[in-house]
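> Here is how the chains run, residue by residue.
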Amino acid sequence: MTHSPTIGDDLEDLIACPTCDALYRVDAPGNGERAVCSRCHHVLIAPVEGAILRVVALALTIVILLVTALFMPFLSIEASGLHNATSIFEAGLAFSRAHMVILSLAVISLIIFIPILRALLLIYVLTPLMLRRRPWPGAHTAFRLSEHLRPWSMAEIFVLGVGVALVKITAMAHVELGMAFWLFALLVVVTVFQDGYLCRWSIWHALEESPEPGAPPSLAPAEEAPAHG
Amino acid sequence: MAEAHPTHLLTARDAGMVACTDCTRVWPLETERCPRCGAKLVSRDGHSLSRVWAWWVVGLICYIPANLYPMLNTTFMGKTSGDTIVGGAVTLAMHGAIAVALVILIASVAIPMGKFVAVAYLALSVQRGWHTSKLRRTQLYEMVEFIGRWSMIDVFVVAVLSALVQLSVVVSIQPGPAALNFALSVVFTMLSARSFDSRLIWDSIERDGEEEDLT
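Chains A and B supply the protein sequences, listed in that same order.
Note that the numbering used here gives residue 176 to position 176 of the first sequence, counting from 1, and the numbers run on in steps of one.
The numbering used here runs 229 ahead of the 1-based position in the second sequence.
FYI, nobody ran anything at the bench for these hints, they're computed from the structure.
Treat the hints loosely; a few may be bogus.
[Claimed, not checked] Simulated crosslink set (SDA-like; lysine to any residue; CA at most 25 Å straight-line):
id : chain 1 : residue 1 : chain 2 : residue 2
1  : B       : Lys308    : A       : Ala171
2  : B       : Lys269    : A       : Leu11
3  : B       : Lys269    : A       : Ala173
4  : B       : Lys269    : A       : Ala98
5  : B       : Lys308    : A       : Ala98
6  : B       : Lys308    : B       : Pro406
7  : B       : Lys269    : A       : Arg144
8  : B       : Lys269    : A       : Tyr124
9  : B       : Lys308    : A       : His99
10 : B       : Lys269    : A       : Pro18
11 : B       : Lys269    : B       : Pro406
12 : B       : Lys308    : B       : His324
13 : B       : Lys308    : A       : Trp136
14 : B       : Lys308    : B       : Leu429
15 : B       : Lys269    : A       : His99
[Unchecked claim] Which residues of chain B face chain A? A few of them, derived with a C-beta cut under 7 Å, are:
id : residue
16 : Asp251
17 : Gly267
18 : Val386
19 : Ala388
Glycine is no exception: its CB is placed at the ideal position from the N, C-alpha and C atoms.
Please build the complete structure, drawing on both the sequences and the hints.
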């Protein structure tokens, strides 16, 4: 758990709550436990066993799902003998037909590019940590960027939007769900798990350790911190 | 779970330090960039509230036309009709899809409106030094940050509908001008909320010189 700081603490043993600025001495919780700010209840540290490996695996899954989904049939409708199909990319481009090119670019970024970019950044940052190597150059900037992109990665919101759109048209046309639809639905589940495993503090801590090649790994920073009592 | 409950919590600023809000590390007050993660360090963001209000106002300006103009135009047998956000939800409800109509109303009306009110309340509470529960206000802020992005759902609905429903002369759906305004409004209010420095909520405790009941 975290404790009040005392004089003589090293800076690296201290942690400040980003939400309310309260200062604590780090006494890292074990895997599955959480350190919570006692005054604003912000979750400061929440390490998960084997988190780095899991996050890398899930990020890789996200990239594969998204890229595959781009090339798969997404949705098609049929009504009174007429037929039309759309891919995810075409759904994003729909606004450009109505002279809203900027909105098309934004939608494609929010549902495709940013989720892929974020997953790639996480793979870049965490793969060396997983292999017990030094972080690759720019890993710190990459992780910071990935965290700032988090709210703008909206693939899961898009899936709910597709659901609402389907309810709107099932009354007037027969809708066929393509493979890309199911891949996107799966993506929501994967993203939720990934965000649950990702403990910011643990990753920053592991990045800071940056072990010498061949040195013992800092895979689970929680175990290297002082025992909590 | 045992938790430390010191009676007088020290903040990083009290201790003469500046905290990195990106990676939670603390440094001596004069440090400009976090040596660990490279983020810019400010003990309290003095321009935070100006940026909150600036984004808030442009967000509100975009939100008004977003409700007045049609989100999508449906052409059925050569006849075109427009549907605004609320109009579309009402049509859905009349066709029996009450649950979906509610999703649209919550995501496109209740959340954006609630967000305008919540962000304005948070900014005013800091500016005027209101004595409402700090914990509640922090929780409100975290909720705004968490829920705000879901408003984008209606933009995606319009994207899917207008890409899919293109059945030559029988029926076709085109995005309406409100879609762009609405998307901008969501982006601006997200930026407004993210500009808010939630540490400002807690500073008034120290100004009062007393610890407040946190529960």
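> For every hint, state whether the structure bears it out.
Against the structure, the hints:
no., hint, result
1, B:Lys308 with A:Ala171, "holds, 19 Å"
2, B:Lys269 with A:Leu11, "holds, 18 Å"
3, B:Lys269 with A:Ala173, "violated, 53 Å"
4, B:Lys269 with A:Ala98, "violated, 40 Å"
5, B:Lys308 with A:Ala98, "holds, 18 Å"
6, B:Lys308 with B:Pro406, "holds, 18 Å"
7, B:Lys269 with A:Arg144, "holds, 11 Å"
8, B:Lys269 with A:Tyr124, "holds, 23 Å"
9, B:Lys308 with A:His99, "holds, 21 Å"
10, B:Lys269 with A:Pro18, "holds, 13 Å"
11, B:Lys269 with B:Pro406, "violated, 38 Å"
12, B:Lys308 with B:His324, "holds, 20 Å"
13, B:Lys308 with A:Trp136, "violated, 59 Å"
14, B:Lys308 with B:Leu429, "violated, 55 Å"
15, B:Lys269 with A:His99, "violated, 38 Å"
16, Asp251, "holds, 5 Å"
17, Gly267, "holds, 6 Å"
18, Val386, "holds, 5 Å"
19, Ala388, "holds, 5 Å"
Figure legend: structure checked against the earlier numbered hints; hints not met, in rising order: 3, 4, 11, 13, 14, 15.
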